[in-house]
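**Q** Top to bottom, those sequences are chains P and Z.
Under the numbering used here, think of the first position of the first sequence as 3, with each following residue one higher.
Under the numbering used here, think of the first position of the second sequence as 5, with each following residue one higher.
Keep in mind the hints are simulated off the structure, nothing from the lab.
A virtual CB, placed ideally from N, CA and C, is assigned to each residue, including glycine.
Hints may contain errors.
Said to hold, decoys possible - Simulated crosslink set (SDA-like; lysine to any residue; CA at most 25 angstroms straight-line):
no. : chain 1 : residue 1 : chain 2 : residue 2
1   : Z       : Lys161    : P       : Thr141
2   : Z       : Lys135    : P       : Thr141
3   : Z       : Lys114    : Z       : Thr133
4   : P       : Lys140    : Z       : Glu109
5   : P       : Lys140    : Z       : Lys75
As the list claims (entries may be wrong) - Computed list of chain P residues with no C-beta within reach of chain Z, every gap over 12 angstroms:
no. : residue
6   : Gly17
7   : Glu18
8   : Glu28
9   : Thr29
10  : Thr47
11  : Lys49
12  : Thr63
13  : Arg95
14  : Val106
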Amino acid sequence: MNEETLLKLQAYLDGELSAGERAEVETLLQGNAEARALLAELGNTAKTLAAYEAEIKLPETREFYWSKIQREIARQSAPSRVQGFSLAATLRRLLVPTGAFAAVAIAIMLSLPRGGGDGGDYFSASGDAVAFTYQNYKTGTTLIWFDFSSENDFSDASSGDTLN
Amino acid sequence: MNLIPTLNLTRIWALVFAVTAWGGGVVALADDGKYEAKVIWATNDEKLPDDKKFEPTDPETRAKLESLGLKWKNFYEVKRVKFDAPNGESGKVAISEKSSLSVKELPGKKVEVVFYTKDGKECSRREQTFKRGEMLVHGGNVPENATAWLVTLKKLK
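Model the full assembly from the supplied sequences, consistent with the hints where possible.
**A** Right, dumping it as structure tokens:
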């Protein structure tokens, strides 16, 4: 027997079928011993369950009983108020944003170019030199460009290796 | 009781390995860095003045200078200085009459390069990773004739 037939037998037993469907099931039962045996078994099971089902009687009215459940649900879902000082709760409040900040900082650090980048490099210009740096990471070339506010020491025409 | 340890084959190999590693470390420590600095003249003039006998710089240096996006098209080598950094420090090395620099090797393939102008006055100090194949360039304008001077530094060894 397929699943649909089994379900129809159960529905037949529970009186949930239409007149046409009932006639179909009865025809099936007349010619099928297995279906008859199953229907009998289902009937016995239903009787057994009905006989041993505990009857629960509420001590108060249905409405009052449900209102108690409703109040308990509302009480559990309400936000808990801080009851005094809790070290663990305080640490958790501090550590969650700190941890998030650290994660973002690490992500930024990892995304920066490394190995020769300006990150971690140190540069200072002194004297009257105003300087800036530029780095081409692709060619591994770093430029330090001076913009002297006074005489350019390197452009002295009297020098032996003068550049002008 | 035999107090003399047995020199079996495994111990001999371990000894050989340890001595080799130690020797390699000593050789590595003794391997002082070698550097090369060049004074470069950058100009857009196609023809050099008659009193200037400079050669165009080598292609590698030229390519690196061009990668910096400078406005000059021609780069001439004025002077080339090779120097060592024994025990990781070069001391002050004169690159031209007007400039000198010093290189100090630091842990992590880093170097500290100090650039000096005339009278030994410190002009800049930079610390960065510096490996073979990389180049550090100091430079500035020559206002009189719209050219520029450059001092390149690269690690040879």
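**Q** None of the hints should be skipped; say for each whether it holds.
**A** Against the structure, the hints come out as follows:
| no. | hint | in the structure |
| --- | --- | --- |
| 1 | Lys161(Z) - Thr141(P) | 18 angstroms, holds |
| 2 | Lys135(Z) - Thr141(P) | 12 angstroms, holds |
| 3 | Lys114(Z) - Thr133(Z) | 4 angstroms, holds |
| 4 | Lys140(P) - Glu109(Z) | 23 angstroms, holds |
| 5 | Lys140(P) - Lys75(Z) | 19 angstroms, holds |
| 6 | Gly17 | 87 angstroms, holds |
| 7 | Glu18 | 82 angstroms, holds |
| 8 | Glu28 | 91 angstroms, holds |
| 9 | Thr29 | 90 angstroms, holds |
| 10 | Thr47 | 77 angstroms, holds |
| 11 | Lys49 | 84 angstroms, holds |
| 12 | Thr63 | 81 angstroms, holds |
| 13 | Arg95 | 39 angstroms, holds |
| 14 | Val106 | 26 angstroms, holds |
The structure agrees with every numbered hint stated previously.
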